[in-house]
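Chemist: One letter stands for each residue in the lines below.
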Amino acid sequence: MKYFLLTIWFGFLLHSAPLAQAEEMRLAVTTSFHNSGLSKLLLPKIKRDTGIDVHLLVVGTGQALKLGRAGDVDAILVHSRLAEDAFIADGFAPYRREIMYNDFVLVGPETDPANIQNATSAAQAFERIWKTKSPFVSRGDNSGTHLKEMALWASMSSDTSSFTPDWYRAAGAGMGATLNTASAMNAYVMSDRASWLKFANKGALKLHYSGDPVLFNQYAYLPVSDDKHPHVQGAVARKLENWLVGSVAQNLIGNYTINGQHLFTPNGQ
Amino acid sequence: MVSDLLPVTAKGAVVRKGGKTILGPIDLAISGKGTTIVMGPNGSGKTTLLRLLHGLDRARDGSVSWNGAREDAHAAQAFIFQTPKMMRRSVLDNIAYPLRVRGASRKQARIKAEDWATRIGLGDALNRDAQALSGGERQKLALARALVTEPAILFLDEPTTNLDGGSTREIEDILSQALDTGTRLIMATHDIGQARRLADEVIFIHRGTMSAHQRATAFFEAPASQSAAAYLRGDIVE
Amino acid sequence: MNDLWRGLSEAVRLIVSLDAALIEIVLRSLQVTVSAVLIASLIGLPLGALIAVNRFRFRRATIALLNALMGLPPVVVGLIVYILLSRSGPFGVLGLLFTPTAMIIAQVIIITPLIASIAHQAIRDLWAEYHDLLISLNTTKRQRMATLIWDSRRSLLTASLAGFGRAIGEVGAIMIVGGNIDHVTRVLTTAIALETGKGDFGLALGLGFILIALAIVINLTIHTISQTERGGRW
Ligand SMILES: Nc1ncnc2c1ncn2[C@@H]1O[C@H](COP(=O)(O)OP(=O)(O)OP(=O)(O)O)[C@@H](O)[C@H]1O
Ligand SMILES: [Mg+2]
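Chains as they are written, first to last, in my numbering: chain A, 1 to 269; chain B, 1 to 238; chain C, 1 to 234.
Please keep in mind that the hints were generated in silico from the structure rather than gathered at the bench. Note that the coordinates shown come from a computational prediction; the quantities given were computed from them, not determined experimentally. Think of the CB as a built atom: it goes at the ideal place given N, C-alpha and C, for glycine as much as any other residue. Be careful, since some hints might not be right.
Using 27 Å as the maximum straight-line C-alpha spacing, the simulated DSSO-like pairs for lysine-lysine come out as follows [unchecked claim]:
| # | chain 1 | residue 1 | chain 2 | residue 2 |
| --- | --- | --- | --- | --- |
| 1 | C | Lys141 | B | Lys107 |
| 2 | C | Lys141 | B | Lys85 |
| 3 | A | Lys228 | A | Lys239 |
| 4 | A | Lys239 | A | Lys45 |
Which bits of chain C does chain B cover? Going by a derived footprint, with three or more residues having C-beta under 8 Å, they are [said to hold, decoys possible]:
| # | region |
| --- | --- |
| 5 | 126-136 |
| 6 | 139-151 |
Beta-carbon label-pair distances, calculated as ranges [to be verified]:
| # | chain 1 | residue 1 | chain 2 | residue 2 | range |
| --- | --- | --- | --- | --- | --- |
| 7 | A | Leu82 | C | Thr224 | 28 to 38 Å |
| 8 | B | Gly103 | C | Thr224 | 51 to 61 Å |
| 9 | A | Ser161 | C | Ser9 | 38 to 48 Å |
| 10 | B | Gly123 | C | His223 | 26 to 36 Å |
| 11 | C | Ile222 | B | Gln108 | 56 to 66 Å |
| 12 | C | Leu42 | B | Asp27 | 48 to 58 Å |
| 13 | B | Leu126 | C | Ser9 | 48 to 58 Å |
| 14 | A | His231 | C | Ile222 | 39 to 49 Å |
| 15 | B | Gln82 | C | Asp125 | 12 to 22 Å |
| 16 | C | Phe91 | B | Glu150 | 48 to 58 Å |
| 17 | A | Met156 | C | Leu72 | 37 to 47 Å |
Between the sequences and the hints, there should be enough to build the whole structure, so can you do that?
Modeler: Given below as C-alpha cells:
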C-alpha cells in the first residue's frame, strides 16, 4: 500500500515536470508593469508569434536588477533610468531598448487638503503636501516608483529621511498594497496610472494631479549580457526584444485600455 | 552451553545510584545447573543484583565477569523485568521481536512466536495490543518473549507476582521445562513457597549486601544469617 | 468585514467552477510540499532518533541548534538558498533557481528542524520506556533507532504533519527561490501574496480559505487512513 502510494506520487512528479521543448526565457519585470494586466495580454501573443515561453518574475526594480546582475534571468523590463545606466556601465547589459512609457499620478483624499489639483508642476504639488504635512504614503521599497518619488522630493531639496512619520509613512510594500494603505489612512500617494486604474478606487481617494512630463515613466528592456553570463539565452532574449519593438506589440500596447483609459504610450523603435 | 558462560563472578562489585551505594560490595560466584533464587526484603537490592549480573547496571567499584567475552555472555541471556515492558505492538510482534533482532525472517519469527504465545496461554490474544494486556498477561508475555530465544541464562525478577495460583503453576511448569533443556535460571522472588519449590541454591540480600549464599536445602534448614532466618520466620526485616 | 465575505464567496466560486488555474496551483502546492515533507521526514525522523538514542559530544549543542533553527525566518532561508542556487552562486550550474526543485529544497531546510525536534521529543520519551528492554535484548544502535521510529510512528506522523502545516502555508522562502512564475512555480501562497500586492484582497482571501480547507482535508485524510483516533494498532 505504502509503495503503491509512493509510486503514484513519483509518477505525479514526473508527469508534472515541465516539458522543455518550446524555447523558454526568464524575464524579470516590475510589479507595476505586471499589475497593469498588460503582461496577460502580451504573453500569449509572444508565444503565438515567436514560440517563446516567457517565464515572468514579477519583482521590484531593485530585485530585477539584482537578478540580472547575477545572471538568473535572461532580460529585465524596468523603469528606472539611473539604475539602468549603472547596470549597463557595469557591463551587465549591452544596451537598453525603450519600449513604452506610462505616467505617475498623484492621488489623495477627496477634499485635497494640500490643494494640489491646481498645482502648476509636480514639484509644486509635492511641495504643498510637504508644507501642509498632509499624510503621504510612500512605497518605501526601493522600487522604480519609490526611486522616482525620492527624486521628486530631492528636486525641492527635501531629504525624505528628515520626514516625520506623523505624516510621511513608508509602507515597504507593492503598489496595490500601498494604495490600500493610503486608502485606509486617507492619505496622498504617488502611483503609476495603471495600478491606480486597476485598483479601482476601493476607498474615497481621488486623482488630483498628473501630466507633468517629469512624471513620465519610461520602460526599457535590457537583455542580460551573454559575455558576462555565458549561459544566458541571448538569442531568445533578442528575439523577444525585436518582437516588443515591432508593430504588433507596439499596437497592442498603444491600444490597451482599462475602463476606457489608455495606460501606455508605445515608443519602441 | 551453560558451562561455556559460567561461572559468573562478582569481585567487590558496588552499584551506586543517586550518590548512594545501593548494592555491594558483593563477592559471589554462580556456577552449575539449576535455579538460583534471590530473596530479600523490599528495597534490599535484589533487582539491582540481577541487573548488575545481566550488565544493565555497571559496577562502580569491583567487577563482574563471565567465563568468556561480556558481549557473548550478554547475547545468551534474557531478562524478565519486575514490571514487564510492553512494546507498542501486538502480542505476537512483541514475542517475535527478539527473534527479528537476531535476524530471523518475519515469517519464521511469527511462527515461533505464535507457538510460544500458545504455550504461555496467550494464544487467543495474538493480535491484541500488548499495552492493553492485564498485569498477569503482561508477565506471561514477558516470559514468552524471554524464552523464545532459548537463552542459556534467564534472569527473572519476581515473574509471578501478579499471577493467581493456577497461572503461577503454569509458569513454574514452563520454567522447569526450560531447566530441562539446560537453561540456567536466576530469579528474584518474595514467595517463600515458590523458593522452596524451585531453588537449587539461594542468595539472600539484606540492605544491599549478600548475607547468605547457600544450597537450598541448607538455606531452608539453617540460614547463614540472622536476617535470612528472620525473613523465613516471617518476621519483619528491614 | 466586507472583504471577508468577498473572500468566502470567491473561494466558493473558484471551487464550484473547478477553476483550471486554481487546480493547477493547488496541485503544484501539494507536489512541492508533499515532496518536501517526505524528504524532510526521511532526514528529520532518523535525526531525531539519533539524537534521542546516542550520547555524543555535541548532542546538547545539536538540540539547541535544532530548536533555534525551528524559529528561523523562512525569508532568510529563502535568501540563503537563493544565493546558493543563483547562477553566480556555488550551485549555479545546476540551473535549479526558479524551479519547483528549488522550492522543495527551501522547504526541506525550513521544516527538517521542526520535524527532527518533535521526533526527538517523542522518541526520547519512548526510549526512556524501552531503554532497559532494548539494552537487555542486545540490540544494535541501528535496531534501536528503527524500533523506536516504528513504535512511535503515530507521534512521528504528527511531526510530519506539523512540517506539512508549516510548509504548505510558507510564502517567504518559496517566493524568493521559486519566483512565483505563472504555470511554473506559482503555488497557493505565492498567488495569495501576489493578489494581496495587487490590492485584490477578495481573491487573496478566497485562495487563503482554499489553503485552509486543503490543510484540513489533508490532515483529516491522513488521520482517517491511519485510524489514529480509533485506537487502531497499525
Ligand atoms: N536510580 C536509583 N536512584 C536511587 N536509588 C535507587 C535507584 N534505583 C534503585 N534505588 C534504590 O536502591 C535500593 C535497592 O533497589 P532494588 O530495586 O534493587 O530493590 P529490590 O530488592 O528489588 O526491592 P523490591 O522487592 O521492592 O523489588 C532501593 O532502596 C531503591 O530505592
Ligand atoms: Mg525488585
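Chemist: Decide, hint by hint, whether the structure agrees.
Modeler: Comparing the hints with the structure gives:
{"no.": "1", "hint": "C:Lys141 / B:Lys107", "verdict": "24 Å, holds"}
{"no.": "2", "hint": "C:Lys141 / B:Lys85", "verdict": "19 Å, holds"}
{"no.": "3", "hint": "A:Lys228 / A:Lys239", "verdict": "19 Å, holds"}
{"no.": "4", "hint": "A:Lys239 / A:Lys45", "verdict": "13 Å, holds"}
{"no.": "5", "hint": "126-136", "verdict": "holds (count 7)"}
{"no.": "6", "hint": "139-151", "verdict": "holds (count 4)"}
{"no.": "7", "hint": "A:Leu82 / C:Thr224: 28 to 38 Å", "verdict": "59 Å, violated"}
{"no.": "8", "hint": "B:Gly103 / C:Thr224: 51 to 61 Å", "verdict": "36 Å, violated"}
{"no.": "9", "hint": "A:Ser161 / C:Ser9: 38 to 48 Å", "verdict": "44 Å, holds"}
{"no.": "10", "hint": "B:Gly123 / C:His223: 26 to 36 Å", "verdict": "33 Å, holds"}
{"no.": "11", "hint": "C:Ile222 / B:Gln108: 56 to 66 Å", "verdict": "33 Å, violated"}
{"no.": "12", "hint": "C:Leu42 / B:Asp27: 48 to 58 Å", "verdict": "52 Å, holds"}
{"no.": "13", "hint": "B:Leu126 / C:Ser9: 48 to 58 Å", "verdict": "56 Å, holds"}
{"no.": "14", "hint": "A:His231 / C:Ile222: 39 to 49 Å", "verdict": "42 Å, holds"}
{"no.": "15", "hint": "B:Gln82 / C:Asp125: 12 to 22 Å", "verdict": "21 Å, holds"}
{"no.": "16", "hint": "C:Phe91 / B:Glu150: 48 to 58 Å", "verdict": "55 Å, holds"}
{"no.": "17", "hint": "A:Met156 / C:Leu72: 37 to 47 Å", "verdict": "44 Å, holds"}
Of the numbered hints stated above, those contradicted by the structure are hints 7, 8 and 11, listed in ascending order.
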